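Participant: Chain by chain, the residues:
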Amino acid sequence: GQQLNQSPQSMFIQEGEDVSMNCTSSSIFNTWLWYKQDPGEGPVLLIALYKAGELTSNGRLTAQFGITRKDSFLNISASIPSDVGIYFCAGISGYALNFGKGTSLLVTP
Amino acid sequence: GAVVSQHPSWVICKSGTSVKIECRSLDFQATTMFWYRQFPKQSLMLMATSNEGSKATYEQGVEKDKFLINHASLTLSTLTVTSAHPEDSSFYICSAPLEWGSGGYGYTFGSGTRLTVV
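Here the protein sequences come in this chain order: S and V.
Counting in the numbering used here, the first sequence runs from 22 upward without gaps.
Counting in the numbering used here, the second sequence runs from 451 upward without gaps.
For reference, chain S alone in the conformation it holds in the complex (with noise of 0.2 Å):
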């Protein structure tokens, strides 16, 4: 599969503060997805986007579809230590899922 673009690849921030991260790709993606891994541990779904423009929460994430369909954002507001982690942002084309490199995320109290 292809590779995605991600950035920042690593983050380091206090907490209470806003997280901006996003992905962007050359192809269109029918469906983006949001992952969080820990260390050790397998991905987990954060957020699922379907539709171009798709703007969709969960909690203290938010996260949007492009219009152009070829790249998606992630926010975190409020950040608390337990943000910590790795998040992959992942586009499906077909049946095909391809990663971002993660971007790597540490909150200080």
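Derived by calculation from the structure, the hints in this document are not laboratory data.
Don't take every hint at face value.
Claimed, not checked - Capping the alpha-carbon separation at 30 Å, the derived lysine-lysine pairs in BS3-like fashion look like this:
# : chain 1 : residue 1 : chain 2 : residue 2
1 : V       : K491      : V       : K464
2 : V       : K491      : S       : K91
3 : S       : K122      : V       : K470
4 : S       : K91       : V       : K516
5 : V       : K514      : S       : K122
In this text the structure is predicted, and so the values were computed from the model without any measurement.
Dock chain V against chain S, hints included.
Facilitator: Chain V only, in chain S's frame:
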């Protein structure tokens, strides 16, 4: 919710031996299972796609004879790393496509297997 149970969570084996990793879909049927490999601080790399009752499809550069995949039932897919070497040490994760009642779909992942070959 639908869960993929992966076992073992970690394994240490001697060079030259084989290791089997199992992924079971709990409370749903997985006709397809994807196997990924992940190196430290890197993204997931798709190794192969297993299909129930037929041969697996391997990604370019993945050795079929080294990474044997079996998907004999709708709820079980296995990955066997044969004649393991230290360079096979990695984190292996399985994933199954899933549709949920609201009309959405996505992929659910196992908890991963940390393989260390010594």
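Participant: With reference to the structure, classify each hint as holding or not holding.
Facilitator: Hint check results:
1. Between K491/V and K464/V the CA atoms are separated by roughly 25 Å; this keeps the pair inside 30 Å, and the hint holds.
2. For the given pair, K491/V sits about 25 Å from K91/S by alpha-carbon distance, which is consistent with the 30 Å threshold.
3. For the proposed pair K122/S and K470/V, the alpha carbon gap of about 27 Å is at most 30 Å, so the pair holds.
4. Proposed proximity of K91/S and K516/V is contradicted: the alpha carbons are some 36 Å apart, above 30 Å.
5. A hinted pair counts as satisfied when its Cα atoms are at most 30 Å apart, and K514/V with K122/S qualifies at roughly 25 Å.
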